Structures are given as structure tokens and as C-alpha cells.
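Read off the chains here:
Protein chains: 2
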Amino acid sequence: MRTKNKGNAVVGQSGGPTGVINQSLVGVVEEVFEQECIGNLYGAHHGTSGILKEDFIDLKKLSKRELEIIARTPSSALGSTRDKPDQDYCNRLFEVFKKNDVRYFFYIGGNDSASTAHIVNTLAQDSGYDLKVFHVPKTIDNDLRVTDHCPGYGTAAKFVSQAVLGDDLDNRALPGVKIDVVMGRHAGFLTAASMLARRPDNPDDGPHLIYIPERPVTMEQFQNDVIKVHDRLGRCVVVVSEGICDENHIPWAKRIQADAEVDAHGNVQLSGTGALADALVTTLKDAMPGGRVRADTFGYLQRSFPGVISNTDAYEARYCGRMAVYYASNENNSAGSVAMQRFGKGDRYRIETFVTTLASVAVHTKEVPDEFINKEGNNILESYRDYVSPLAGPLPEVGYLKKTREGCGLA
Amino acid sequence: MRTKNKGNAVVGQSGGPTGVINQSLVGVVEEVFEQECIGNLYGAHHGTSGILKEDFIDLKKLSKRELEIIARTPSSALGSTRDKPDQDYCNRLFEVFKKNDVRYFFYIGGNDSASTAHIVNTLAQDSGYDLKVFHVPKTIDNDLRVTDHCPGYGTAAKFVSQAVLGDDLDNRALPGVKIDVVMGRHAGFLTAASMLARRPDNPDDGPHLIYIPERPVTMEQFQNDVIKVHDRLGRCVVVVSEGICDENHIPWAKRIQADAEVDAHGNVQLSGTGALADALVTTLKDAMPGGRVRADTFGYLQRSFPGVISNTDAYEARYCGRMAVYYASNENNSAGSVAMQRFGKGDRYRIETFVTTLASVAVHTKEVPDEFINKEGNNILESYRDYVSPLAGPLPEVGYLKKTREGCGLA
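Which chain is which? The protein sequence lines are A and B, in order.
413 is the number that the working numbering gives the last residue of the first sequence; the numbers go up by one with no jumps.
413 is the number that the working numbering gives the last residue of the second sequence; the numbers go up by one with no jumps.
Derived from the structure by calculation, the hints contain no laboratory data.
Treat the numbers as computed from the prediction; the structure is a model and nothing was measured.
Heads up, the beta-carbon is just placed ideally off N, CA and C, and yes, glycines get one too.
Certain hints may be false.
Within a straight-line C-alpha distance of at most 27 Å, the following computed DSSO-like cross-link-like pairs (lysine-lysine) qualify [stated by the list, open to error]: (1) A:K347 to A:K368; (2) A:K287 to B:K62; (3) B:K405 to A:K55; (4) B:K287 to A:K405; (5) B:K287 to A:K86; (6) A:K62 to B:K404; (7) A:K405 to B:K55; (8) B:K287 to B:K230; (9) A:K62 to B:K405; (10) A:K405 to B:K8; (11) A:K55 to B:K404; (12) A:K404 to B:K256; (13) B:K287 to A:K256; (14) B:K101 to A:K101; (15) A:K405 to B:K63; (16) B:K101 to B:K86; (17) A:K404 to B:K86; (18) B:K101 to A:K404; (19) B:K101 to A:K230; (20) B:K230 to A:K404; (21) A:K287 to B:K86.
Partner residues are not named here, just some residues of chain B that face chain A (Cβ under 10 Å, in silico) [unchecked claim]: (22) H47; (23) D169; (24) E249; (25) T275; (26) A279; (27) R296; (28) S306; (29) G309; (30) Y317; (31) F345.
With the rest of the complex left out, here is chain A:
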């Protein structure tokens, strides 16, 4: 049995921000106060890059009120990084850890961040440096393996479904084809969440078509699908993942931008550009001459919008942060990632956490299960509502006027 580490802790945030990543940070701070084995808690500015520079913030100095403001602020309050540490980088991290007697490392991030945590943990073990490494999951993409879902997803799902709900109302008012491009490189979970904008009892509600990276689609199929809906309803709202692929599994965005940027993790830049959306508009205008076709790319709004936060997501993100510290404080755990298991449906929904290995979460991602995708590969089935609804929470109630036998009613 391992002895209980005594020493200081470092916490960092990594990768793309979310609406609740600071809830996890505050969860870590709160639980550190509960665990005697941890001394100082250093917040690393901009993740691992801040550790190298010993750019630390003493997080135990924050008041309860300051912690609550930080918790409900979107984006990463410590700053983030996209650095990908190698052996040399890690050796320099250990130098800083040793110098500051750091024995706990908490890293809040996605699968790239879990990879970083895994590398740091492996090299620490190899070099005999006693370090506990825990990963706290966050991603708006919901693409981490093992865990039922990721903190950050519910809030982004709420934003996307509210945005599409409003956009569908806008499209009813001024009909035509509307395309909304949603974040999601390999996994379509966030795009799939837009199905919440459809009210179960209103068959004509949009989104009418949903395309996710899990199902390749040809330009021709895309055109035909949209025309079919437009012929039937006189309008069509389409939600598309930025990572949507063609029949050869090549992202459409990559074909469009031959000179696209690539980051340290080898990811092509998909967000922060309207190129995919505009190319889809051109494709449809070719197929529907004279038609009104518009597109929006939701971009960074969907990951850092203040004031549109899922309560469940905020609670779970905080809880995962706390549990990372709790697990690390147990002498039996040396490293791992916090994962969630789901129990119950609807009002009875609740989660419990457990520890999974860093390796099980690192590198690879999870995709939307087949059971939620329709046969044609151009929509998300109603069964997905049970999965996503408790995470995003309720949407605003809306109504649209329609003529009825009595003169007027709501749709």
C-alpha cells in the first residue's frame, strides 16, 4: 500500500474553455480545504506552460464570495493552453514540481489533456518522483470515453438547443433554408443536442435535418435531403457538425480550406471561420436557384456564453472537481480520471462518480452511438432526448400563432 502523499498541489485548465470549467476549478479548491494531506494549492496560469514558468496563483487566498463569482464565470479563469508536453517538457515540469514540493497534479480538460496527464504520470513513475495525477473531465463535445457524459456538455447543449429553437422561430417568420454549423470535430453529440429544439408534439418544428461526423454524407444527398424538406414545409432548418465528412471520411471543411491551420495536437482549425457554412450555402443555392439560403456558424459563443448555464452541468462539474481531490487523497489511488455513471431517468436522474485510468480517457474519443442516429444518417432519433435532456435542463417555453377551427391557437 502506498503511503499518503504530503505536499503541495497544482491545478491547471487546458484545451477549449467551457461554461462550467471554473465550477470544476472551484470544486478542486473547496475539497483541498477538506484534505489535510494537501498544503498549498497553486493555480497554474495557462496550464502546463504556466507551470514551466512557475506562473502560479495561490488559490487558497480566495474568499467564498470570490470563489462563487469564478464558479459561475464561463471560460478558463486560470487561462488555458494547447501545449502537448513531450519527455523534455515533462522533465522541466518535474523540476518545478520538485522545487515547490508539488505532490498532486490536477488537470481539468478533454482527451488531449488526459493524454498530457497520462504522459506526466508515466514519466513521474519512471523517474521515481512521487506524484498523484488526476484528470477532471471537461469538454463541450462530450467525446470522452468511459464517463456517461462530460461536464461542459450540458451547458453547451443548452446554448445550442436554445439557439436553434430561436433560429427555427426566425425561419418560420422569414422562411427559407437555414443552416447552423455547430462545434464537433469527430463526435456529433453537441450537434445532436439541437434535437431538443423540436417539441415532441410539434412534428413541423426544426431542426429538420441533423448531420454529424459519425455519418458521412455526399453533397448530392445533402442537397436532396434539404430540397425534400423545403418542398414539404416551404422552409428547412439544418444543423451540421463542423466535422461533417464526405463519402471518403474526409471532413468537408478540410476539402474547402486546403491551407487550413493545424494545432500542436494535429487538429485542423474548424472553428473561428465561416468557410464551411458559406460553402454549404453555395451548394444549396446551386441546387435551389433563387432560394433564400442563409447560414450561421455558432463559433465560440457556444462554449463561453455567460448567463446560459445548465444547473445540472454546473453542479456536476463542481462535484467532479471535488471528487478528483477526494480520490487523490485516498492512499489507494495514484492516478486517474474522474468519470460519471448515470442512474434513473427524467426527474429521477442522478450521477455517481468513479475513477478510471488516464489511459482509458487519453487520445481516443467516443462517438454518438448508432442507436440514436436515424437510418438515413441525416437526423437524430427522439430517443436521444432521454439522454441529453437532464444534462441541458429545460428550454424556455415558446409559442407560434396558427389558425385553428376556433380562430387562433398556439403551435
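Given the coordinates of chain A, work out where chain B should sit on it, guided by the hints.
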């Protein structure tokens, strides 16, 4: 003195939707119940185009609960139109009005809609048809003349400033240059509202640069401005109106899209495309080789997002709808547009309404006054906060961690 019209009323919604245009609609419905001179209230599906088809909804049949749901739903619950009626079109409108004994026409919209109302009113007078025509102002652009501000603006201003607040936090976490393109063809009011995202006591808060159509800017000035901020802070958040013009007063968007669509009112399509944003990114990447430059176009989200509504705006939109009916019911008024006057500052802010002529609101638009624009033409002055803050309402409180002498504090 005119006799008091007795007859039915038609209400329609026109132009781009807003978050509170249905508040005005419900205001009209509520006040019609108070005024004995008005019989039936027909809601025209898709504005004037619905009148031609006698596509009417009997709005007096709605329950109190249904009215409240409609009121808080963004976008135009009756549907909208961009039709621009000419003499022949108006003659057909009168046929329908005569057939249905319509003596009141309420039209909720912007300056194009005021033009329509003005044409309808003039032709009604010329042809001796007794009709009262009242325009209820709405626009997210805030570009109507005479009135202090427009219903719809406060809510869009709230959305834009919250979005930029979140985006500035995102940009702190992963620094670089971020451009946000905001709606606004000729008037920069909505773009100017993004200044609310800057907290008065935090000089480094974004947006760091704000460009509006009122001040032409060359590509070179734009590049130099951004580089200067980026050199100082290591990051830069820029907000740009979609109608931003070059030194020859030609919209940049027009230069970029030579084949851009034009609507019935002669407006070039600026929204529903990311072309301007992407061109600005290319411009900056040329000037800052290797720099991280991203852009988002807020698009239709800023006019129809459910759940992000300014309470003041919602109240005023409803009140303007009620007052249109109230004014029309007074035998001394034959036609006009409802306008607002502002009294008091901060907590003492309140408005009163008055009637202005349709001609005074039609066709021409209002621009951001010089007093709110900085000398360089690349930012909005702090004095604008007094004007816009009561309309948008308070923003969510946010905090960002920084190192202090004591170890840690909030920015």
C-alpha cells in the same frame, strides 16, 4: 374633427424579427380589448402578403396564458415579410380591408415597415378610404429616427454584450486576435453596445476596438490598430459592424461579395454569411504572420435567442404596442408612429411615448451620434454606457483570476 372610426383592425409584423416584437403584438391585443371602437382584431400572417391572401388569425381568441407565452417568445409569431407595396399592391390591400370592414391597421416594424405604413396611409387618404394607420417601432439596429431608442434594441444589445463578454474571457484563456461581426447595415448602435462587456474599472477588458459604419476605415488602419493592441496586451478582441465601410464609403462586405444578393428594399445581404469575418481574418493573418486569428459572425442568433431578454425592452415593446392602439382610438389621431422619450438616468430611467408622423420615421435611418465615437473612429466612448445600459439591463457578474501581492485576486 374626425369622427371616431368604428370597425375591425388588422395587425402585422414586418422585417427582421426581434426578441420582443411579440411583446408589441400582445400589447396591441391587450389594448384592443380596452377600446370599444375596435371590433375584431385580425392578425395578418406574414405582414402585408398575408393581408392580400386574407390569411388572418382571430387574435381575440387567445387566452391570457397563451398571450403571455407568445409575448416572451422571440421572432415574429405572426410571421414576417420583406414585401414592399406599390400602388397596385396597396389597392389590393384596400379591397381586402373594405371587404372585412377594416378601419385600423397596426404595423410593427422598422423604417421599411414605416414606409409601407406611410404608403398605405397616403393611398387610403387619396382614395377616400377611412383608415387609421399606426406604426409600432421595432428594430435590433436602433436606427429609427425621432424615438430615443427602438423596442428590440435593448434585447439584442444584451445578447451582443453578453456574447462579447464571454468571448473576451475566452480570448483571455486562449489569447490571440478575435473578431466578432455584429448586425448593423448603416447604423452601429448594436455593435456599439458591445462596449458594455468592458467593466468600467478593468482597463484591459475587451472589446479593445469597435468599428461601426459611421466611421470609414481603411484595411491598413484596421491592421495597424489591431497590431497595436496585440503588442500591448498579447491579445485583441475586435467588434465590427457588418456594414463597415472603406474610405470611399463602400461596405467592405460588398467589395468582398461582388455577387451578393439584394432584397426588395435594395439592401445587400450582409447576414447569414461569414464572408466578411473570414476576409478580415485573412487581412490580419497577412499583417501578423503566424498569429492566432479567429472570427465569429453572430448572425441570426442576436435577433431571436430565447431566454436572453432585457426586461426593460420587453416592457417598453409591450407598452408601445398598447399605445399604438390607444392613440389610434383617439379621434384626433389619424396616423403615426409611436416614439419614446427618455427621462432620468440610471435607476431613475423611464420613458414616455408620443406620436410622430409616419413620414418622419420612414425611409431614412438614424446613426450613432458623434459624441459617442472616439477621435480615431475605432472605439465607442464610455459615455455611451449611460445611453445603452438601462436598455440592455445588467450583465452577469464575471471574474478572472490574477496574481496579487496577497497571492490571488479577481479581475
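Hint by hint, here is what the structure shows:
The straight-line distance between the Cα atoms of K347 (chain A) and K368 (chain A) is roughly 22 Å, inside the 27 Å bound, and the hint therefore holds. Restraint check for K287 (chain A) and K62 (chain B): not satisfied, since their Cα atoms lie roughly 41 Å apart, outside the 27 Å limit. A hinted pair counts as satisfied when its Cα atoms are at most 27 Å apart, and K405 (chain B) with K55 (chain A) qualifies at roughly 14 Å. With a C-alpha separation of about 53 Å, the suggested pairing of K287 (chain B) with K405 (chain A) is violated against the 27 Å cut-off.
Our distance criterion of 27 Å between C-alpha atoms is met by K287 (chain B) and K86 (chain A), whose separation comes to about 24 Å. For the given pair, K62 (chain A) sits about 13 Å from K404 (chain B) by alpha-carbon distance, which is consistent with the 27 Å threshold. Restraint check: the Cα-Cα separation between K405 (chain A) and K55 (chain B) comes to about 14 Å, which is no more than 27 Å; the hinted pair holds. Among the hinted pairs, K287 (chain B) with K230 (chain B) is consistent with the structure: their alpha-carbon atoms are about 15 Å apart, no more than 27 Å.
Straight-line distance between C-alpha atoms of K62 (chain A) and K405 (chain B) comes to about 12 Å, which keeps the hinted pair within the 27 Å bound. Of the supplied pair hints, the one linking K405 (chain A) and K8 (chain B) holds, its CA atoms being roughly 25 Å apart against a limit of 27 Å. A threshold of 27 Å between alpha carbons decides the hint, and for K55 (chain A) with K404 (chain B) the separation of about 15 Å falls inside it, so the pair holds. Between K404 (chain A) and K256 (chain B), the direct Cα distance comes to roughly 38 Å. Violation of the 27 Å bound is thereby established for this hinted pair.
Using a Cα cut-off of 27 Å, the hinted pair K287 (chain B) and K256 (chain A) holds, with the two alpha carbons roughly 19 Å apart. Taken as a hint, the K101 (chain B) and K101 (chain A) pair is broken in the structure, with Cα atoms around 89 Å apart against an allowance of 27 Å. Simply put, K405 (chain A) and K63 (chain B) have alpha-carbon atoms about 10 Å apart, close enough for the 27 Å limit, and the pair holds. A threshold of 27 Å between alpha carbons decides the hint, and for K101 (chain B) with K86 (chain B) the separation of about 22 Å falls inside it, so the pair holds.
Restraint check for K404 (chain A) and K86 (chain B): satisfied, since their Cα atoms lie roughly 24 Å apart, inside the 27 Å limit. A threshold of 27 Å between alpha carbons decides the hint, and for K101 (chain B) with K404 (chain A) the separation of about 22 Å falls inside it, so the pair holds. Among the hinted pairs, K101 (chain B) with K230 (chain A) is inconsistent with the structure: their alpha-carbon atoms are about 38 Å apart, more than 27 Å. Of the pairs offered as hints, the one joining K230 (chain B) and K404 (chain A) is violated, with about 54 Å between alpha carbons and a cut-off of 27 Å exceeded.
Annotation: proposed proximity of K287 (chain A) to K86 (chain B) holds, straight-line Cα distance about 24 Å (limit 27 Å). Taken as an interface hint, H47 (chain B) checks out: its beta carbon lies about 8 Å from the nearest beta carbon of chain A, inside 10 Å. A distance limit of 10 Å between C-beta atoms decides the matter here; for D169 (chain B) the minimum to chain A is near 6 Å, and the interface restraint holds. Of the supplied interface hints, the one on E249 (chain B) is violated, with its beta-carbon coming no nearer than about 25 Å to a beta-carbon of chain A, more than 10 Å.
Hint on T275 (chain B) holds. Least Cβ distance to chain A is approximately 6 Å, under the 10 Å limit. Hint on A279 (chain B) holds. Least Cβ distance to chain A is approximately 6 Å, under the 10 Å limit. This hint holds: R296 (chain B) has a C-beta 3 Å from the nearest C-beta of chain A, less than the 10 Å allowed. Checking S306 (chain B) against chain A: minimum C-beta separation of about 4 Å stays under 10 Å; hint holds.
Interface hint status for G309 (chain B): upheld, as the beta-carbon distance to the closest one in chain A is roughly 4 Å, under 10 Å. Interface restraint check: Y317 (chain B) against chain A, minimum CB-CB distance 18 Å, threshold 10 Å, status violated. The interface hint given for F345 (chain B) is broken, as the beta carbon of that residue sits about 29 Å from the closest beta carbon of chain A, more than 10 Å.
Consistency note: the structure conflicts with the earlier hints numbered 2, 4, 12, 14, 19, 20, 24, 30 and 31.
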